[in-house]
Amino acid sequence: MTRRALSACVWIGAAALLVAGCTSEDGGERSDERARLRALLARADELGARGLEIEAVKALKQGARSLGPAARAEAHERIALGYHREEVFHLALQYAERARAAGRSGADLLWILGDSQRALEAVDEAERTLREALRREPDHHRARLALARTLLRKGDAVAALPLFEAYFDGARDDESERNDRQDRSARLEHGRALRAAGEHQRSADRFFELLEEQPLDPVCYSELARSLYRMRQREAARAVEEIYRIVSQQAFEEHVEDKLMAVGNTVFSLSQRAINLSSRRRFLEAYSAYRKALELDPADPRPWISFAEFCIRFRRLAEARTTLDRALDRGVRPASGLWWMRCRVDVELGDERGMLDAAKRGVEALQSEAATAGSEEGRAPPFSLYLHLARGALETGALDLADQALRAADGSRPGRWETSYWRGRLALARDDVGAALSSFHDAGRRRDGDVDLDLLRWTAEALTRAGRPDDAARLLEACLARDPAHHGAAELAGRLASAGAAGLADVDLRFAGTFLEKRRALEDALQSRPLEECGSTYAGLGALWLEARRPAGYDFLFLAADLDPENEEALERLLDGIRSPQDAFVRLHYVRRLHALRPHDPALVAEIVATSIRFHAGFDEASRIAGALHENGATPQSYRLLADIALARGKRDRALELIEEGVTRFPDDAGLRAARNAVSEDDS
Amino acid sequence: MPARTIVLFVAFLALAPATRGDGVFSEVALQSGIDFRLVNGARGDKHLYETMIGGAGWLDYDGDGWLDLYLVQGHESSAAAFSEGATGNVLFRNRGDGTFEDVTERAGVGDRHYGCGVATGDIDNDGDTDLYVTNVGPNVLYLNRGDGSFEDITERAGVDCPRWSTSAAFADIDGDGLLDLYVANYLDYDPAIHGACTGNPRRVPGYCHPNKFRGAPDRLYLNIGGGRFRDISKSAGVAIAGKILGKGLGVLPTDFDGDGRVDFVVANDSVPNFVWRNRGDLTFEDAGLETGMALSSEGRAEACMGIDGGDVNGDGLIDYMMTNFSEEKDTLYLAEGDGFFLDASARSGLGPLTFRPLGFGLGFLDHDLDGDLDVFIARGHILDNITEVSPGTTLSYRQPDQLLENDGSGRFTDVSSGAGAWFREAHVGRAAAFADYDNDGDVDVVVVNTEWRAVLLRNDRPRTARWLGLGLRGNGPSNRDATGSLIRVKLRGRDAVAPLEARTAWSYQAACDPRRIVGLGRDGDVEHVTVRWPDGLVEVFRDVNPEAYNELVRGTGQ
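Sequence order for the protein chains is A and B.
Going by this note's numbering, the letters in the first sequence line up with residues 1 to 684, in that order.
Going by this note's numbering, the letters in the second sequence line up with residues 685 to 1242, in that order.
Extracted from the complex, chain A is given alone in its bound form (with noise of 0.2 Å):
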């Protein structure tokens, strides 16, 4: 632009401004409505970028009432953005149409318009309008993908893919235009436009390359199954497909969580969201998504119930407790659940007494609930909070409120191996040892043989008070062999091996002590810190509680994993529990990151590299990275690598060529001498 240029906009630009700002009073209402508009557009950008897309869209539609046509039109197309972006397409359709028939016609709102043509089905419509949004602007990255997609549909694979390639081009030019999930459709969509064009290969490379990074997309493994199936290669197929069997367990959860923000309700949408991402492991998105689920101030209490229930899982006690207390004052109901949920945290702080008072709180809530109508959803399981108010009772001695607790929890669930069980703990209190003993054997009777460590560990004290301390140390020690860390047992199996009970000789006494000290350590320097700087406490619990042979120490370290993704150890301990087929990529995923870390780790590089053979994908990529280790220094390793994929690729005279290159350079070897004699013998 010249300088005059510069200067004629700078002074119809300051012109512009005086007559919208200080003519007529018509003038002054239209800059007060753009202002209102500004700030509208404003809010629903921080609210969108927050995540809020559904909130932004609730926003805009209260402002936009009181706006004129014009400035009504633009808040309108930026409700359709609102609404595509989480997908809702037929609501995305309707606003972009109103503002396009007050007016609007930029090629953003052609984009909305068409795609969410597209995704309604309405291919021709949608090829229409996307042609005349790139007509208008050319270099419209996300109109040209929705036309690559549309195309796609249309049947017209080939056409598709050289827009699918223009679009990688130009948005990988300009960051502004990509986000993850719009990203991924497009990749999705390119490995099938590749599968229809008859580029199977490239197109299973793409699936397998989606899977390595989201190792539980349940579509990717149909795509890389049907990719594979068209290959013929059965073998690998029928390998994806089974994962693809276990893993699209979840796909109606994922449904669900589309439907409810279809329909406008972002809190329960962003709460499914939160469990889903916990079945797929991505602890830390799950807890960002119940955050934003939260900050919403839902009046049911459900979010809040399975807020705190994530919490105690991963052991955040504080922030559990004080998320349920900001519920309770906010007056969330019904709040029987809420005090449920506080009884649990307080059990898990060791809190009897808040434990007490919380299960009174739920019980009196629960009654007078039951008196009035409304939703039963979202109060506290009655069963389960008599057996809290029993047990805050019993610990805090008092007793007479521990039976009546028990009585009702049995009129709730007659016949129940738990109530069975506190009856028992009662009668100990009370020193009956005979009926604890009694109420022991009945509750071990209603478990039907299934084993519960607690139930072990206070029939063996009443064992102990019967006399029969042989009996007890026997029970105790079937307790701590199958948790050495159950802290009551130990204790209780020292004190037994200090009086000389037998049968306990063998078994580590200390162990429980040394995990409840380092636990306590490591659980105390949660609670006072954001989650997102806890990456290695979670290591630490995720390395303590495995030392216990408890499973849920995967989960800390998957969490540790993301919150300090250098945390090389937490990364080998992960990749130590992963190991079922039907983890394959759940586990090339961690070897992956482990590798980002240590490119010239040969083990890491063969485990790549013989996941790609097994899959039948990938193989550029295994080849790049069996090529960087081998330009680190050549080995017998790094020839058989490289000799492997070119095999798997069909390329058996470059597999030859590299063995006997690797032959002449370590003649000594006797693999790569296998491999010679394997390839020639196939050859043969």
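I should point out that these hints are in silico values taken from the structure, not numbers from a laboratory.
Check each hint, because a few of them may be wrong.
Facing chain B, a subset of chain A residues (Cβ under 10 Å, in silico) [as the list claims (entries may be wrong)]:
#1 VAL123
#2 GLU189
#3 ARG245
#4 PHE252
#5 VAL256
#6 LEU260
#7 VAL263
#8 GLY264
If we take Cβ atoms under 8 Å as the criterion, some of the chain B residues that face chain A in the derived model are [to be verified]:
#9 GLY983
#10 ALA1028
#11 GLY1035
#12 PHE1039
#13 ASN1069
Using N, Cα and C, we set each Cβ at its ideal position, and we do this for glycine too.
Using the hints provided, position chain B relative to the given structure of chain A.
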């Protein structure tokens, strides 16, 4: 050797009663004596089967050459659906003059279970058609005695399958000449435990999504002769179920891979469809994902209900279509060859035409006899209180049925508005059963509607094109119905050879006309018909007559 020609075209239309028609199809149920209202016994408990039942089957039970109609009834108490009720199924005998009479009692087929669907086939190869009724609760097998009455042989046959069964299909899976039985089961549902769901903004009781329940395993019964069957579901590999498996609503016996053995495609609700490839050793493997028919083009398991197969684009390969939920287009899986299929819903035009409404019964039919397969879909939503459950929705419970016209290349347009007054009414359609009940050479449709009467849509389109009717009769190593045969009709002067499969099971909870009608266009003529019989024998029949039904008997061709 000439095929036997049965000219049944009678001056029938002149005798036909006055109708409500003003287009292709005239609704003639009441005038024809078919007065049947589907009762679901709903009392507000929202048991899911209340909204899923409704079956219909065409069969010539008395062998008089006119197809009779069997309609499957629910009963007055859905809470007691696993027990018998007061209302029962009804058999309407086609008098041959356009009217029907209720012969249920005489025939002894008035099963009073809470009924879902029906399958037909000659299980003992004695020349008459037997009936299998699917229920919520025990199913029933009626053996046709050949004297106008049936015998309930369920117990002896061992096919009661006391689950919630939906569609069923007879087909000879092992080529022994006896029809075996596939039963699609839907959900593990217990009315004492399950009921309404309130997970909606207003928390009003509504029907639950099927994914709240475990799928029920399908059943495969091997016909071992003497009216007895053996349950081989587990050994055959088809009895798989779970949260994401096996919620069958539609079943189609078909040879999708062209290997001469009958396979089954099962339309599952909200979980991946099954494509049971027959390995030829009484075992099956699911090739759903492999073929591309398990999921939609976007990798989603759709809520599939009805199903049919036919060559919609004239490439000589059989394509498949399934009806789905609202805001989920009905899906056309176009055969690409080599056993692979592609979701071609968008390119076929079906996407936008079928995206909004919810479909159940489905059939390919050449309603205008122009030589390509058009589509009829019975429509109606699941949720009777959809406006309460989904505030602000523009969807409705009652929806008009749809007729979609093929342009010959597999591209469809909606011609419902000109198809007759019925298509402008909105009801809650479930089963749609297809047959030429008046033997005039075009396909008519019966539709069962929830809590409304069944309708009979007679095809009255002014005749501008010729037709060819084909009925197959197997013998020897082939089952008598010749179910599983592949028919190819070579038209004079044209390259394309349209494949047709002989079967009665398609659509949703329905049994259809065993004969096939081929539209010949204005002046089309037939060069020959090739039949690949279920036992593998291939015969050519040259002496076939257009404008008539031709009975092709195994062993009489070239």
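Consistency of the hints with the structure:
Look at VAL123 of chain A: its Cβ gets to within about 5 Å of chain B, closer than 10 Å, so that hint holds up. Checking GLU189 of chain A against chain B by beta carbon gives a least distance of about 9 Å; that is within 10 Å, so the hint holds. Of the supplied interface hints, the one on ARG245 of chain A holds, with its beta-carbon coming within about 7 Å of a beta-carbon of chain B, less than 10 Å. Taken as an interface hint, PHE252 of chain A checks out: its beta carbon lies about 4 Å from the nearest beta carbon of chain B, inside 10 Å.
Look at VAL256 of chain A: its Cβ gets to within about 8 Å of chain B, closer than 10 Å, so that hint holds up. Using the Cβ-Cβ criterion of 10 Å, the hint placing LEU260 of chain A at the interface with chain B is satisfied: the shortest such distance is roughly 9 Å. Checking VAL263 of chain A against chain B by beta carbon gives a least distance of about 6 Å; that is within 10 Å, so the hint holds. For GLY264 of chain A, the interface hint holds, since its Cβ comes within 10 Å of a Cβ in chain B; the closest pair sits about 8 Å apart.
A hinted interface residue such as GLY983 of chain B counts as satisfied when its beta carbon comes closer than 8 Å to some beta carbon of chain A; here the least separation is about 4 Å, so the hint holds. For ALA1028 of chain B, the interface hint holds, since its Cβ comes within 8 Å of a Cβ in chain A; the closest pair sits about 6 Å apart. Among the interface hints, the one on GLY1035 of chain B holds; its C-beta lies about 3 Å from the nearest C-beta in chain A, closer than the 8 Å criterion. Satisfaction of the interface hint for PHE1039 of chain B is found here, the shortest Cβ-Cβ separation to chain A being roughly 4 Å, below the 8 Å cut-off.
The closest approach between the C-beta of ASN1069 of chain B and any C-beta of chain A is roughly 15 Å, which is over the 8 Å cut-off, so the hint fails.
In this structure, the one hint that does not hold is number 13.
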